[in-house]
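**Student:** Use the sequences and the hints to build the structure in full.
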Amino acid sequence: MMSNTSLIQLSLSQASQALRQGETSSVALTEAVLSQISQADGRLQAFLHVSAEQALAQATSADQARQAGGTHHPLLGIPLAIKDILCLQGMPATAGSRILQGYRPVYDATAVTRLRQAGAVFVGKTNTDEFAMGSSTENSAYQVTRNPHDLERVPGGSSGGSAVAVAAHMAFGALGTDTGGSVRQPASLCGVVGFKPSYGRVSRWGVIAFASSLDQVGPIGRTVDDVALLFSTIAGHDPLDSTTAPNPVPDFTHGVSALPDLTGVRVGVPRQYFIEGIQPEVEAAVRRAIEHMRALGATLVDVDLPHTEYALPTYYIIAPAEASANLARYDGVRFGSRQAETDLWALYEQSRGLGFGAEVKRRIMLGTYTLSAGYYDAYYLKAQQVRTLIKRDFEQAFQQVDVMACPTAPTTAFKLGSKTNDPLQMYLEDIFTLPASLAGVPAISLPCETDSQGLPIGLQLIGSAFGEARLLPIAKTFELTYQN
Amino acid sequence: MSLNTETVERIAELAKLRLTPEEIERYRQQLSAILDYAERLRQLDTSQIPPTATVLPLHSVFRADQARPSLERTLALQNAPQVADGSFVVPAVLDEN
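Protein chains in written order, with the working numbering: chain L, 1 to 484; chain A, 1 to 97.
Be careful, since some hints might not be right.
[Unchecked claim] Derived lysine to any residue pairs resembling SDA-like cross-links, with alpha carbons at most 20 Å apart:
hint: 1; chain 1: L; residue 1: 415; chain 2: L; residue 2: 36
hint: 2; chain 1: L; residue 1: 391; chain 2: A; residue 2: 88
hint: 3; chain 1: L; residue 1: 391; chain 2: A; residue 2: 58
hint: 4; chain 1: L; residue 1: 391; chain 2: A; residue 2: 29
hint: 5; chain 1: L; residue 1: 391; chain 2: A; residue 2: 41
hint: 6; chain 1: L; residue 1: 391; chain 2: A; residue 2: 59
hint: 7; chain 1: L; residue 1: 391; chain 2: A; residue 2: 46
hint: 8; chain 1: L; residue 1: 391; chain 2: A; residue 2: 1
hint: 9; chain 1: L; residue 1: 391; chain 2: A; residue 2: 14
hint: 10; chain 1: L; residue 1: 391; chain 2: A; residue 2: 43
hint: 11; chain 1: L; residue 1: 391; chain 2: A; residue 2: 53
hint: 12; chain 1: L; residue 1: 391; chain 2: A; residue 2: 42
hint: 13; chain 1: L; residue 1: 391; chain 2: A; residue 2: 50
hint: 14; chain 1: L; residue 1: 391; chain 2: A; residue 2: 49
[Claimed, not checked] Simulated coverage check for chain A against chain L, where a stretch passes if three residues somewhere in it have a Cβ under 8 Å from a Cβ of chain L:
hint: 15; segment: 16–28
hint: 16; segment: 49–58
hint: 17; segment: 63–69
hint: 18; segment: 75–85
Note that these hints are calculated values from the structure, not bench results. Keep in mind the model is a prediction, meaning the values are calculated, not measured. Glycine included, every Cβ here is placed at the ideal spot set by N, Cα and C.
**Tutor:** Below you can see the structure in the form of structure tokens.
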């Protein structure tokens, strides 16, 4: 039997293979990650809730199911972490907000249901910026999660807790959600793989809503195979979410087939993603990664995404507008915290005024303003029209290329507190991830190098809508051949 | 684009958020800066461009109109701050007169 330290070093796919070959058990894997959580999470603060007893019970059932024989899903008995914005019965769900303190979901998110059916083990719920609004996880009402590569730096966000759980070996994989980069950017800053599927791939049922036309559940793992396995398990049409697509889901449950090389693959290099203000080491590393793809046989194509500079203002009109409507449900009546007041309006205003944090209130205010009478056409409708232009940019580019390659984030992990006072500075962190979200296309962040301070740099590969079957084999081929 | 205090107070009222005077002033400045930044969208002529509300080629999605089990009442009330007789409790909305 392997030691705890060697067990937690395994990738999800390796752990699955070790289980299949009888080299370890789910209980051993679960004990190993729980022990790592108790050693490391006091410093890192990735988890809002750890459920050791439940996890061990699930692991025991998984081991019994395996002993009973037959064929099993590769996730049977694998310990995972779930962002605290997905509902998971038996654990609290706070979305990182005071207003949901003590909330216990009464049903599972569809993504959770599918993992549960596969036999996965849930070790706990991970920290997030409040309602997924943020790029550093500093907007959580509960705790500040730290980057395992440097404890004085942010892990990125909003799925910072999930990225840290995977990077620090406290789970074999995790789910996050990505509205404007919230899976890819923390994966980049923590040196792990983060994948946002096409919009419509994964059900949003049971995912606490932020911006419904953008929100998408995405997996975080240590390898392309790991995120692909999680993706294939959670994706697919769900009658409970009418925006899930009927398109068949590529089956990566037994891994992604790497290509022999990248001959014939056209890689777009969008010139608007190599701009002033990007950290020079990030640009240099990403250019070397792209050069590596050419050395593997890929054809590099300069592509134009002319409306890229408008993605940030477009996103910061559309997402807060949708958020202001979605967050109207927190009224202090049916769930969530409530301030005792004698009249109903005061109850609403006081419960919401005290229950929401600063960034959430800022976005509700912004969205309420842009949706209000007299401003709708000037802001919200205008932003939706520009969104069409951004989407068309991608459609035109994908007539010439198979994937696009660019940085995931303009910088490596920044110091805690360094961007919290200036919302626009923080919003710029998402400048390279927002366009793919607005266009609804899949995108993956892969670790490529580290900067001079040892901080991870992420390469982002963007695919065409529902083009995961093309994107992920290219990503895996890069991963297998790139040494840094 | 500079918002005035009255406008910010009106937005807070529409959004049902009770804010302190300090919050009102902070949001006045920050929202003004964000809206200024959003002004650059006006550089684009979008008069002939349809809006994108969803990236999917979706129209109305229909399902059969069939009754199916829903949450049990006790579960639906489980997270409520105050319940009585199987209902959510709120302060009186209409006075007795």
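**Student:** Take the hints in turn and mark each one as holding or not.
**Tutor:** Comparing the hints with the structure gives:
1. The suggested pairing of residue 415 (chain L) with residue 36 (chain L) is violated, with an alpha-carbon distance near 25 Å, which exceeds 20 Å.
2. Restraint check for residue 391 (chain L) and residue 88 (chain A): the C-alpha separation of about 44 Å exceeds 20 Å, so the hint is violated.
3. Taking the CA atoms of residue 391 (chain L) and residue 58 (chain A), the gap is near 15 Å; set against the 20 Å cutoff, the hint holds.
4. In summary, the hint linking residue 391 (chain L) to residue 29 (chain A) is not supported, as the alpha carbons are separated by about 32 Å, beyond the 20 Å threshold.
5. Taking the CA atoms of residue 391 (chain L) and residue 41 (chain A), the gap is about 15 Å. The hint holds against a cut of 20 Å.
6. The straight-line distance between the Cα atoms of residue 391 (chain L) and residue 59 (chain A) is roughly 18 Å, inside the 20 Å bound, and the hint therefore holds.
7. A threshold of 20 Å between alpha carbons decides the hint, and for residue 391 (chain L) with residue 46 (chain A) the separation of about 14 Å falls inside it, so the pair holds.
8. Only pairs whose Cα atoms come within 20 Å are accepted, and residue 391 (chain L) paired with residue 1 (chain A) is rejected, the gap being roughly 28 Å.
9. For the proposed pair residue 391 (chain L) and residue 14 (chain A), the alpha carbon gap of about 32 Å is over 20 Å, so the pair is violated.
10. Note on residue 391 (chain L) and residue 43 (chain A): the hinted pairing holds, with a Cα-Cα distance of about 18 Å set against a maximum of 20 Å.
11. Proposed proximity of residue 391 (chain L) and residue 53 (chain A) is supported: the alpha carbons are some 12 Å apart, at most 20 Å.
12. Proximity of residue 391 (chain L) to residue 42 (chain A) is assessed by CA-CA distance (about 18 Å); at most 20 Å being required, the pair is judged to hold.
13. For a cut-off of 20 Å, the pair hint linking residue 391 (chain L) to residue 50 (chain A) stands: about 12 Å separates their Cα positions.
14. Proximity of residue 391 (chain L) to residue 49 (chain A) is assessed by CA-CA distance (about 12 Å); at most 20 Å being required, the pair is judged to hold.
15. Here's how the segment 16–28 of chain A fares: 6 of its residues keep a CB closer than 8 Å to some CB of chain L, so the rule of at least three is met and the hint holds.
16. By the rule of at least three residues with a Cβ nearer than 8 Å to a Cβ of chain L, the coverage given for the segment 49–58 of chain A holds, with 9 such residues.
17. Taking a C-beta to C-beta cut-off of 8 Å, the segment 63–69 of chain A contributes 1 residues in contact with chain L, too few for the three needed, and the coverage statement is violated.
18. Three residues within the 8 Å Cβ limit are the bar, and the segment 75–85 of chain A against chain L gives 7, so the coverage statement holds.
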